[in-house]
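Visitor: Below, each chain spelled out in residue letters.
2 protein chains.
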Amino acid sequence: MRRIIVQKFGGTSVADTEKIKNVAKIVIKEKNNGNNVVVVVSAMGHTTDHLVKMAKELSKTPSGREMDMLLSTGEGISIALLTMAIQAQGYDAVSFNATQAGIYTENVHTKARILKINTEKLQHNLNEGKIIVVAGFQGVTEDGEITTLGRGGSDTSAVALAAALNAERCDIYTDVEGVYTTDPRVVPKASKLKEISYEEMLELAHAGAGVLHPRSVETAKLNNVALRVRSSFKTDDMGTLILGVDKMEIDKPVTGVAADLTQARIVVCDVPDVPGQAAKIFSKLAQENISVDMIIQSYARKVSNTNDIAFTIDSADIDKTEETLNKLKETLHCGEIQINSDIAKVSIVGAGMIDRPGIASAMFETLARLGVNIKMISTSEIKISCLVDKTDANKAVQALHDEFELASDVIADVKGDLPPQ
Amino acid sequence: MRRIIVQKFGGTSVADTEKIKNVAKIVIKEKNNGNNVVVVVSAMGHTTDHLVKMAKELSKTPSGREMDMLLSTGEGISIALLTMAIQAQGYDAVSFNATQAGIYTENVHTKARILKINTEKLQHNLNEGKIIVVAGFQGVTEDGEITTLGRGGSDTSAVALAAALNAERCDIYTDVEGVYTTDPRVVPKASKLKEISYEEMLELAHAGAGVLHPRSVETAKLNNVALRVRSSFKTDDMGTLILGVDKMEIDKPVTGVAADLTQARIVVCDVPDVPGQAAKIFSKLAQENISVDMIIQSYARKVSNTNDIAFTIDSADIDKTEETLNKLKETLHCGEIQINSDIAKVSIVGAGMIDRPGIASAMFETLARLGVNIKMISTSEIKISCLVDKTDANKAVQALHDEFELASDVIADVKGDLPPQ
Chain A
-7 MRRIIVQKFG GTSVADTEKI KNVAKIVIKE KNNGNNVVVV VSAMGHTTDH LVKMAKELSK
53 TPSGREMDML LSTGEGISIA LLTMAIQAQG YDAVSFNATQ AGIYTENVHT KARILKINTE
113 KLQHNLNEGK IIVVAGFQGV TEDGEITTLG RGGSDTSAVA LAAALNAERC DIYTDVEGVY
173 TTDPRVVPKA SKLKEISYEE MLELAHAGAG VLHPRSVETA KLNNVALRVR SSFKTDDMGT
233 LILGVDKMEI DKPVTGVAAD LTQARIVVCD VPDVPGQAAK IFSKLAQENI SVDMIIQSYA
293 RKVSNTNDIA FTIDSADIDK TEETLNKLKE TLHCGEIQIN SDIAKVSIVG AGMIDRPGIA
353 SAMFETLARL GVNIKMISTS EIKISCLVDK TDANKAVQAL HDEFELASDV IADVKGDLPP
413 Q
Chain B
-7 MRRIIVQKFG GTSVADTEKI KNVAKIVIKE KNNGNNVVVV VSAMGHTTDH LVKMAKELSK
53 TPSGREMDML LSTGEGISIA LLTMAIQAQG YDAVSFNATQ AGIYTENVHT KARILKINTE
113 KLQHNLNEGK IIVVAGFQGV TEDGEITTLG RGGSDTSAVA LAAALNAERC DIYTDVEGVY
173 TTDPRVVPKA SKLKEISYEE MLELAHAGAG VLHPRSVETA KLNNVALRVR SSFKTDDMGT
233 LILGVDKMEI DKPVTGVAAD LTQARIVVCD VPDVPGQAAK IFSKLAQENI SVDMIIQSYA
293 RKVSNTNDIA FTIDSADIDK TEETLNKLKE TLHCGEIQIN SDIAKVSIVG AGMIDRPGIA
353 SAMFETLARL GVNIKMISTS EIKISCLVDK TDANKAVQAL HDEFELASDV IADVKGDLPP
413 Q
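Here the protein sequences line up with chains A and B, keeping their order. The first sequence: position 383 = 375 (the numbering used here), numbered continuously. The second sequence: position 216 = 208 (the numbering used here), numbered continuously.
For the record, the hints were derived by calculation from the structure and aren't laboratory data. The structure presented is a predicted model; accordingly, all values stated were derived computationally and were not measured. Treat the hints with caution; some may be incorrect.
Pairs count within a copy or across copies, as identical chains cannot be separated in the list.
Stated by the list, open to error - Lysine to any residue pairs mimicking SDA-like chemistry, simulated, CA-CA at most 20 Å apart: (1) 213 to 363; (2) 294 to 348; (3) 382 to 18; (4) 312 to 160; (5) 11 to 333; (6) 367 to 295; (7) 276 to 289; (8) 45 to 353; (9) 108 to 287; (10) 13 to 52; (11) 244 to 293; (12) 45 to 136; (13) 52 to 280.
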């Protein structure tokens, strides 16, 4: 039986018909390697922006259902065009939108999660030797409602398909050459990693590294899908392989540095210190589909017997969060609600920090040396994040990159074949 | 129970977001009349041209299946945007693509016929008070394959929905104000008809009048759907009502004149006069999905015992027809195959000509007076068509329009309510 390779191409890789022809070549090359190929594509270049612009001209608050109907057309265009380009080279290919591919999601609009994929039709077409081109980013509910998966949704589509089809590998083709120790636009000497663990990638993705959406990495980790991030313009470069931490050799405490400038900090002040208050806030936010990242609750003040609850959210959710919290104010008997979107979350990530003490203090000292004020701190086993002023983000990333010697990373520039897994 | 009105808006009516807002107003006005409203829309303005252009850049002969996948995205965009525009005015609305609306077609790409419409979901949403916006032009097969209905497909979608939903009326909104006695671009004094029968409209549509696709008129006739052609920019004008000939008062022998410049004439020369030859030709063409219009077979020549079989096709099918006939040549033992696309079919149409002799001769005399050579003639009960040189088409239409006194048609400029049916 042939191996299945899932390939995913983002919007910049299919931005025009010339680029689509280039993608067709990459697809055919993999097919000629003797593999079955399933291709997942995003909407062409600025299609989504154009559609969103028209929607905004018609409605300030377009309904999620209609936004999903609208945006899903973007991939509808790119799958058909890519399939034509492959067929024009004499290869048998067929395109499927999410409804046809059987990518079922929960019934939530604009950020649905994939529940299951019916692989029967896909497998049948692969068995007939066809290259399959599937629309990324979109799904369908049991009732035939069209949904979209939210930011980075096409990556998730690709990984979920790779898992469902038991694929050999999922290659995420993009306009960067792999995963870097930090954003090369911020730190020019940032270096490319040859491999990184799911866990580190997950923390980097959550920390705003931007290459892959955390959900796609989570899905890969959960299903043990070998994921590779590589360039659709430099196809000889093998990019970065993302795999289980157990399969890696760890030589440094910190693998990467990331900054997330898209968050906002909310502080709910003077919340009476009685049980269940935090639950009230966060269950209500969850109901409204607002994702909360860092959460910090201060010790209760002795005089007033109240505390402050601070957390961060995606800036896009500010209005909805404010509205939700204002409705809760009476129930909570809390004070002022502060909102600050001039903040950045700077993180260092590394599976190697588990066994090495002193990494956190090195990070705090570095920031102190720069005069950067730390507003919130949160940590996980393999990540330390500090909330700082937005204006301090770049210098913080540069200094941390130097501090943890990421630029001299010897595994950075390796080309050629990856070692056997 | 509320009456259902189906409204159809073509590409020019939804060409940009301002025009979509205008359409939303027309829809809401009908809803406020106390009716249930189902809206069928085409792709926005030049969307289809843009998609076709990209397809041609990728493949000279893109597959029908992928063309259907591609083009169906056009209506996907317009239904979502129109629904948002309606919702923005505070009305409950929902968009459905053909798969969701349950518009089932045969499994033929680029020109499928509608087989059935599952109205359950539509009816359920109408009962909830929702305005429904359905994608025109597209369908789905039992297997979930996306099809398109070919030219004028959105009109057919609208009429088929009106029939399936037992709608009170189907309003086809367009950029012209109704059905004219002939093309106003050719004959400036052409006048608008207040009403016309299905049969006449059908002949006019087949004859190239261009306002409505024949298939939509056929569907309306078959299901007795009251069809109205009206302007989406001059909504006070009631346009032209198309209805059963039994419901009309006939006062003139000729209702309209039309020219079709998109046809080509094929002559299969010297076909041996044995039974079954015509069947061989036309069954093969039918298999290839080539529509044949006028067919003329000459009397067998006594010396050679052969005859010529001439017919007209859509110019777009020339290559396919030539290929098909060349393959047949040996089986037929025929001579040369002549192809001429420099021809035009000029027709006069009128339910009133049934009982009035001399109409045909008046037509032939008019053309003779102009020095126009008639290449083929075909007639039906209510239509007479002559094939002429393309360069003669305009003057022929003008002269026939004068000859049958269509410009002075008294019913042409009537505004306001239509008489009760």
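Visitor: Within a copy, between copies, both or neither: where do residue 213 and residue 363 come within 20 Å Cα-Cα?
Guide: neither (38 Å within a copy, 81 Å between copies)
Visitor: Please sort residue 45 with residue 353 into within, between, both or neither, judging by C-alpha distance up to 20 Å.
Guide: Neither. Shortest intra-copy (46 Å) and inter-copy (60 Å) distances fail the 20 Å Cα cut-off.
Visitor: At 20 Å max between alpha carbons, let me know whether residue 11 reaches residue 333 within a copy, between copies, both or neither.
Guide: The answer is neither: 37 Å in one copy and 37 Å across copies each exceed 20 Å.
Visitor: One pair to classify: residue 244 and residue 293, alpha carbons no more than 20 Å apart. Within, between, both, or neither?
Guide: neither (41 Å within a copy, 95 Å between copies)
Visitor: Tell me, please, which holds for residue 382 and residue 18 at an alpha-carbon limit of 20 Å: within, between, both or neither?
Guide: For residue 382 and residue 18, neither the intra-copy (40 Å) nor the inter-copy (48 Å) Cα distance is at most 20 Å.
Visitor: Should residue 294 paired with residue 348 be assigned to within, between, both, or neither, using CA atoms and 20 Å as the limit?
Guide: Answer is neither; intra-copy 37 Å and inter-copy 105 Å both fail.
Visitor: Is it within, between, both or neither when you check residue 367 against residue 295 at 20 Å Cα-Cα?
Guide: Answer is neither: 24 Å inside a copy and 104 Å across each miss the 20 Å cutoff.
Visitor: From the Cα coordinates, with 20 Å as the cut-off, is the pair residue 52 and residue 280 best called within, between, both, or neither?
Guide: within (19 Å within a copy, 49 Å between copies)
Visitor: Should residue 276 paired with residue 289 be assigned to within, between, both, or neither, using CA atoms and 20 Å as the limit?
Guide: within (17 Å within a copy, 79 Å between copies)
Visitor: Between residue 45 and residue 136, at a C-alpha cutoff of 20 Å, which is it: within one copy, between copies, both, or neither?
Guide: So residue 45 and residue 136 fail the 20 Å test inside a copy (26 Å) and across (31 Å) alike.
Visitor: Checking an output row: residue 108 and residue 287, CA cutoff 20 Å. Within, between, both or neither?
Guide: Neither: 31 Å inside a chain and 55 Å across chains, both beyond 20 Å.
Visitor: At most 20 Å between CA atoms: does that hold for residue 312 and residue 160 within a copy, between copies, both, or neither?
Guide: neither (42 Å within a copy, 43 Å between copies)
In this structure, the earlier hints numbered 1, 2, 3, 4, 5, 6, 8, 9, 11 and 12 are contradicted, and the remaining ones agree with it.
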